[in-house]
Amino acid sequence: MHLAQLNLAHLRAPIDSAELAEFVALLEPINAIADAAPGFVWRLKESESDPTATVRHDYGDYLLVNFSVWESLESLWNYVYRSPHLEVLRRRREWFQRMAEPTMVMWWVPEGTIPTLAEAMQRLERLRTEGPSPEAFTYKDAYTSSEAANLPAAAEARK
Amino acid sequence: MSTDDLDALALLNDPVRRSLYEAVAAGGGDVGRGEAAEAAGVSRTLAGHHLDKLVEAGLLESGFRAPAKKGPGSGRPAKVYRRSRGERSVSLPPRDYVTLASVLADVVDLLGAEEQAEKAARGAGERIGARHAGEPVERVLGERGYEPYEEDGLLRLRNCPFHVLATDQPLLVCSMNLALCQGLLRGLGEDPARARLDARPGECCVALSKTNED
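For the record, the sequence lines run as chains A and B.
Its first residue numbered 1, the first sequence is counted upward by one per residue in this note's numbering.
Its first residue numbered 1, the second sequence is counted upward by one per residue in this note's numbering.
By construction, these hints were calculated from the structure, which means they are not laboratory data.
Be aware that a few hints might be false.
As the list claims (entries may be wrong) - Heads up, simulated EDC-like pairs for lysine to aspartate or glutamate below, C-alpha to C-alpha not over 20 Å straight-line: (1) Lys119/B <-> Asp58/A; (2) Lys53/B <-> Asp4/B; (3) Lys210/B <-> Glu138/B; (4) Lys210/B <-> Glu151/B; (5) Lys140/A <-> Glu35/B; (6) Lys53/B <-> Glu22/B; (7) Lys79/B <-> Asp106/B; (8) Lys140/A <-> Glu130/A; (9) Lys79/B <-> Asp109/B; (10) Lys45/A <-> Asp35/A; (11) Lys140/A <-> Asp4/B; (12) Lys140/A <-> Asp109/B; (13) Lys140/A <-> Glu138/B; (14) Lys119/B <-> Glu74/A; (15) Lys140/A <-> Glu56/B.
As the list claims (entries may be wrong) - From chain B, some residues computed to sit far from chain A (all C-beta separations above 10 Å): (16) Val42; (17) His49; (18) Leu104; (19) Gly112; (20) Glu126; (21) Asp168; (22) Ser175; (23) Gly202.
All C-beta atoms in this analysis are idealised placements derived from N, C-alpha and C, irrespective of residue type, glycine included.
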């Protein structure tokens, strides 16, 4: 099984504003580190040619979407917290608003499957309303792929 | 107190086992029987015997390294050892600081008090540093469990002393750790900017430039 992750950020200002300029400048080098990271499988990209283009979607303005698939929880964790990405993350308050509700969700997908953004948003909604479960969890309350696979609901979710 | 932990740690009372354990830990990854034997100053056979005892007790893990050459005459894969990920601790009387620290970390998160937490960590670092003024930072960090080593002109830290908390709340704990290291440098009378984030898998998130010139 592979691990899918959706991570939303609420921008403090429009993506093309001066306030976000430093963040936009970091998109290319940091995404390049993700793409080369051990265990990286896939991420949702707006454009193959413009590395600074952020994902366009219908879920509201000022909402930045990071959506990716990894070979394991450890590979994702090592990219997020054990690479130069950590330093960018530390600066998040300069660019993103603090959110009271969860903005990140993970779940297991069969290898070779690329989930849709609509499904990802549903998983996040599920985490927000029902708390962590094998179908929608966080780092702190993580589930292994076998815990997820042994649940009858997992088959339902894979449809 | 867990009897298992006590039994495992008691194995290190033997000086040979202890130096073998330290040799493997200092290797930072897979260490062969021969290398460990050489570092501990004992024969390969004796080293193998004691290393396997440490594996049995769960202090080390073992694996096999494929031979460099393939085909006939290349020999069997070499047995290698690395430090176990699991933690062992013994405290008398029993103490549990991790549970409380983890709750406090959650409180910082709930309050959005990261900046104050970093400020407090910087202050704590300064006080530690001031108590060791004039001592080399390598030694002070070494005594605090960071396991410093040099690589490419940097002083890297092999061990994260806050590992369990850093796994739970990486952003908060790594930020506080950086502030603590910077405060510690200041307390020692050195340039705090020597410490910066340079995270690598399996190690501490902080690295120090060797001198304050760069």
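Structure-based check of each hint:
{"no.": "1", "hint": "Lys119/B <-> Asp58/A", "in the structure": "violated, 40 Å"}
{"no.": "2", "hint": "Lys53/B <-> Asp4/B", "in the structure": "holds, 14 Å"}
{"no.": "3", "hint": "Lys210/B <-> Glu138/B", "in the structure": "holds, 10 Å"}
{"no.": "4", "hint": "Lys210/B <-> Glu151/B", "in the structure": "holds, 10 Å"}
{"no.": "5", "hint": "Lys140/A <-> Glu35/B", "in the structure": "violated, 38 Å"}
{"no.": "6", "hint": "Lys53/B <-> Glu22/B", "in the structure": "holds, 14 Å"}
{"no.": "7", "hint": "Lys79/B <-> Asp106/B", "in the structure": "violated, 42 Å"}
{"no.": "8", "hint": "Lys140/A <-> Glu130/A", "in the structure": "holds, 15 Å"}
{"no.": "9", "hint": "Lys79/B <-> Asp109/B", "in the structure": "violated, 44 Å"}
{"no.": "10", "hint": "Lys45/A <-> Asp35/A", "in the structure": "holds, 11 Å"}
{"no.": "11", "hint": "Lys140/A <-> Asp4/B", "in the structure": "violated, 27 Å"}
{"no.": "12", "hint": "Lys140/A <-> Asp109/B", "in the structure": "holds, 13 Å"}
{"no.": "13", "hint": "Lys140/A <-> Glu138/B", "in the structure": "violated, 33 Å"}
{"no.": "14", "hint": "Lys119/B <-> Glu74/A", "in the structure": "violated, 30 Å"}
{"no.": "15", "hint": "Lys140/A <-> Glu56/B", "in the structure": "violated, 30 Å"}
{"no.": "16", "hint": "Val42", "in the structure": "holds, 35 Å"}
{"no.": "17", "hint": "His49", "in the structure": "holds, 33 Å"}
{"no.": "18", "hint": "Leu104", "in the structure": "holds, 15 Å"}
{"no.": "19", "hint": "Gly112", "in the structure": "violated, 6 Å"}
{"no.": "20", "hint": "Glu126", "in the structure": "holds, 20 Å"}
{"no.": "21", "hint": "Asp168", "in the structure": "violated, 6 Å"}
{"no.": "22", "hint": "Ser175", "in the structure": "violated, 6 Å"}
{"no.": "23", "hint": "Gly202", "in the structure": "violated, 8 Å"}
Comparing the model with each earlier hint shows violations of hints 1, 5, 7, 9, 11, 13, 14, 15, 19, 21, 22 and 23; every other hint is respected.
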